[in-house]
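Same order as they appear, the protein sequences are chains R and C. Heads up, the first sequence is in the numbering used here, so the first residue is 1 and it goes up one at a time. Heads up, the second sequence is in the numbering used here, so the first residue is 566 and it goes up one at a time.
FYI, nobody ran anything at the bench for these hints, they're computed from the structure.
List of simulated lysine to aspartate or glutamate pairs, DMTMM-like, C-alpha gap at most 20 Å:
1) Lys563/R <-> Glu648/C
2) Lys363/R <-> Asp645/C
3) Lys363/R <-> Asp644/C
4) Lys555/R <-> Asp644/C
5) Lys555/R <-> Asp645/C
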Amino acid sequence: MSPAIRTGDVGGTLPLVSKAETEKSFFDSIHSWLVTVDHKKLGLMYIMYGLFFLLIAGIEATLMRIQLAFPNNHFLSPQFFNQLFTVHGTTMVFFVGMPLVFGFANYLVPLMIGARDLAFPRLNAFGFWLSALGGVLLYFSFIGGEGMAGAGSAPDIGWFAYAPLTGKAFSKGHSTDYWILGLMVSGFGSIATAANVFTTILCMRCRGMTLSKMPLLAWLNLVMSGMVLLAVSPLTAAQIMLLLDRFAGSHFFDTQAGGSATLWMHFFWIFGHPEVYILIIPAFAFASEIIPVFSRKAIFGYPAMVGATVAIGFVSVSVWAHHMFTIGMTSASNTFFAISTMMVGIPTGIKIFNWLGTMWGGKLRFDTPMLFCIAFLFQFLIAGLTGIMLGAAPFNWQLNDSYFVVAHFHFTLVGGFLTMIFAAVYYWFPKATGRRFSETLGKWHFWLFVLGFHMTFDTMHIPGILGMPRRIYTYEAGRGWGVLNLIVTLGVLFQAIGILIFVFNLLRSARKGPPAGNDPWDAWTLEWATSSPPPEFNFAEIPTVKSRRPLWDIKHPTDPDWKYE
Amino acid sequence: MISPWMYWMVALVFIQQEALAGEKTDPALVPSIFSPESAPAHAVSHLAGFVLWITGVIFVVVAGLLVYAVLRFRRRANDDGTEPAQIYGSGLVEGAWTTVPFLIVLVLTLATARVIHEVQDARKPAAALDVQVIGHQWWWEIRYPKLGIVTANELHVPVSQSSDRLPTFLELRSADVVHSFWVPRLAGKTDLIPNKVNSMWIEPERTGLFLGQCAKYCGTQHAKMLLRVYVDTREDFDRWVKEQQELAENNPSAAAGRLVFERTACINCHAVNGTVGNGRFGPDLTHLMSRATLGSGALMNSAGGLRAWIKSPERFKPGVLMPAMNLNDGDLDKLVAYLTTLK
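Next comes chain R alone, as it looks inside the complex (with noise of 0.2 Å):
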């Protein structure tokens, strides 16, 4: 290794102590977990959270694909349907997508910039078990709120939570009380750590990495925090108007006092959009660390690649109303909405193609990490273009609320955003553990999961086109929507063995892969430099990097990539 960089490999294997002395108890490596302010133990700690919630939202998804399979079914009761939707969506945003992103933000942002931790280690602790706790807070719901007027315990108001429903009024017991309380903590935990991510990127850099040579994880990140900061808040705001209503007296959003349904509307969505880019944001990351390694070649227009993150950052706190076009605004707002959402297709645009433009001559390799990646490219277009169909605002009349926008923004956060998380998981296992996945299983997983994905999400369009809101427990036969459902249903069965395969292949592999070395994917940013697992203090000696490539200059001295950037 070239002495540009030095890795971190001496420090794990220093014999200064016996083995005995450093083999820990189970509690002793419990309490370990519990109190650690390591990034990457708290990385770790958030990915699996959120692998936890996806597995518990996946068999709430999948209950309610059984009971909507066939017209007029009565395997679920409509109060625990609408229980079911309620905290699955909730789950998959807050509980499964929040700490997913943040987990391999705290994973891989020190790890990549050469840092040895977050700015802040302790608030990093404090954001994850806040987070963790609203999780807590909402499932304990289950047996500790009681809903709407026979409707048992959990919340059953959506995962939007529309105003007048969630006042006392509509929704007694507390079943929402632990909704709005979950969120707001779980809020908190988030507002922390993008605040600790933001600033990590800013000012914990190591020297030579000016903000143009940043890899473009760190890039994406920073954007994704920043808006982190300016939606969550927002949010934050309307769950302490809703307790005040609920508690307080005050009518901000009780229409039976004068109050506005529609206030709530806006405060949500102000919040539910920026959301959106939060979650696909850390994705766009992923592909542009992942694709560029497995076509051997270097990003192809970073610079444009950053402008347009930056630019969806923007445009996407103009665009809320688009979740709103049928509640009777003005034609020149419709107008408004219409035409800034719209826009967002074309930095989005720019992103798809300076990808296709880094394929493009390369060499591509089909691991498994870059077949997520494929695949997530062509699911993302798609979401992208039915995207644009909602953002027609006429069309949007017919499509919002129907199971069109369902099939449309699972291709967005099950087809880019998790089909990422599964890109990324497998390119980035061999680091965190030290061991290789096996291949074989990955490729089941993910032949598998596309095929369920499709058989379902593709599929879901119809019904919408054809008519069918979203949120119904149940629907008429005679409408044509029955055998499309049966479809719908079937293609999760598919989806559910590979997620199993998923989880088998990591617990597996974590225990008995073959060690995977430093840099199994002879790939090019900082943390292949230090050794796999890295060692509590990342890397023995802060590197120094000349380009957005450090392990392309080292392994390729007579071509670095300093000289063209």
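Got chain R; can you put chain C on it based on the hints?
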């Protein structure tokens, strides 16, 4: 290559042409947004077709490039292990793929703005029929203020001919939470929001039954807040109006049942014009038997259906706000006998 677009088109054609195996589907009752029968739905459907074409072409081009890249640039078996040429970007190419999407977006926004204006800013002709629709958990109150009619869940409107246009303008309100009025073949949806008055219009050009339902989650029985729109010929509509304007028939043979209605909790929520019942919390029953369904589409309306519904609404619509009335069998029979006279 099979694109989702082709898949969707094949599936849509298949569903609309032929009844699905095992499920008897009357194509006329499938509420597809692509078989419009009313002016605003036509406008949306035209725009939708245009957007589908453009996005379809984008899909074919970009997905084609992706497939080509995957096939053409895969690492070959005889690869020499060297790295490919490193290319960091190209101002010209990147400029091109910024400009072209920009132009596409420009065209799409212009087409969109035009249809927004066409539908939302349409002038209301003096002859237009006015109807108020008020959303309740989980049923529709329908009022014709100029005609003095109050009914529920089933909207009757006259057909509009090109020689003699007669659109219907709906004023939308909510009595409790947010609902959404959606009959896909007649128009896009518009929400019914408490403390806010919304409006929309339809102009059906064909007679018949058009199905729809509430499109905004509004609580436990959101799924069974179904909506029927009957588009009648002018003569049929006028006859319907005349019948609805009459007081309820006072049929002496049903006097005992009427007494049950007037002396139990029924009248707390339900009204029958010409009786003491003037409750407004539930649907108006003055011409109950002129409607095809009960419980906002939960079951078909008939003497047997009525009896079962009054005995246990929960059985057909779990969570419904109407309680089981706990009448004894004798009273129940009398009540049903009375209600079936409300034609």
